[in-house]
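Q: Sequence:
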Amino acid sequence: MGMKIYQLKQEQFLHINLELAWNFFSNPANLQKLTPEGMRFEILSDLEGVKAFPGQIINYKVNPFPMVRLRWTTEITQCEHETYFVDEQRFGPFSFWHHKHFFETDGEGVKMVDVVDYALPFGFVGRLAHSIVVKQKLKSIFDYRRKLLDERFKIEG
1 MGMKIYQLKQ EQFLHINLEL AWNFFSNPAN LQKLTPEGMR FEILSDLEGV
51 KAFPGQIINY KVNPFPMVRL RWTTEITQCE HETYFVDEQR FGPFSFWHHK
101 HFFETDGEGV KMVDVVDYAL PFGFVGRLAH SIVVKQKLKS IFDYRRKLLD
151 ERFKIEG
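First residue of the sequence shown: 1, per our numbering; consecutive thereafter.
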């Protein structure tokens, strides 16, 4: 049996302009702000003042589960200013990870779309782990991010 590819897709509308959205999301250092604290997400690369660009390598450490500390390396493989960027895992917990981030002006704000295609190692055991914990863990991370972004960029007034 071949590798099973899963997909997580999320759309979110933010009441900010495209430039502000792009400046926030294309700064890889902000990823740490969007990850639940319990995951102890730590960026190892020096990203001070750097925006996403094709070929950029970013190294992290993360605790996806209690007492499990992993290194993760991603590469920004594609990037079009204020439109989209793609990060792909080079080394890490998945056998495949391809995350597309899209941005477009939509009325009074920005529509963001995340599409993550991913696969787990270990064949049947990986598929079992996906159904028991991994699928829900990824969903909870994106739910956390949605709530945090809604609060951060809510309409004042």
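Note that these hints are calculated values from the structure, not bench results.
Don't take each hint at face value.
If you anchor each label on the Cβ, the simulated ranges turn out as follows [stated by the list, open to error]: (1) E82 / Q136: 29 to 35 Å; (2) L18 / Q136: 39 to 45 Å; (3) Q32 / Q136: 20 to 26 Å; (4) E75 / E108: 32 to 38 Å; (5) R40 / K139: 17 to 23 Å; (6) E19 / L128: 40 to 46 Å.
With a straight-line Cα cutoff of 30 Å, these simulated DSS-like cross-link-like pairs (lysine-lysine) come out [to be verified]: (7) K100 / K51; (8) K111 / K33; (9) K154 / K100.
Predicted, not measured: the structure shown is a model, and the values here were computed from it.
Even glycine gets a Cβ: it sits at the ideal position worked out from N, Cα and C.
Q: Would the pair K111 and K33 pass a check requiring their Cα atoms to be no farther apart than 30 Å?
A: holds (20 Å)
Q: Tell me if the beta carbons of E19 and L128 are separated by a distance inside 40 to 46 Å.
A: holds (44 Å)
Q: Take the C-alpha atoms of K154 and K100, compute the straight-line distance between them, and say whether it is at most 30 Å.
A: holds (24 Å)
Q: Does the hinted range 17 to 23 Å hold for R40 and K139 at CB?
A: Given range 17 to 23 Å: holds, Cβ gap about 20 Å.
Q: For the range 39 to 45 Å, tell me whether the beta carbons of L18 and Q136 fit it or not.
A: violated (32 Å)
Q: Take a quick look at whether K100 and K51 sit within 30 Å of each other, Cα to Cα.
A: It holds: about 16 Å lies between the C-alpha atoms, which stays within 30 Å.
Q: How does the Cβ-Cβ distance of E75 and E108 compare with 32 to 38 Å: does it lie in that range?
A: Check passed, 34 Å falls within 32 to 38 Å.
Q: Please check whether E82 and Q136 have a Cβ separation lying inside 29 to 35 Å.
A: Between E82 and Q136, where Cβ atoms are some 33 Å apart, the hint holds.
Q: Starting from the hint 20 to 26 Å, judge whether the C-beta atoms of Q32 and Q136 obey it.
A: Given about 22 Å between the Cβ atoms, the range holds.
Against the hints set out earlier in the document, a violation occurs for number 2 only.
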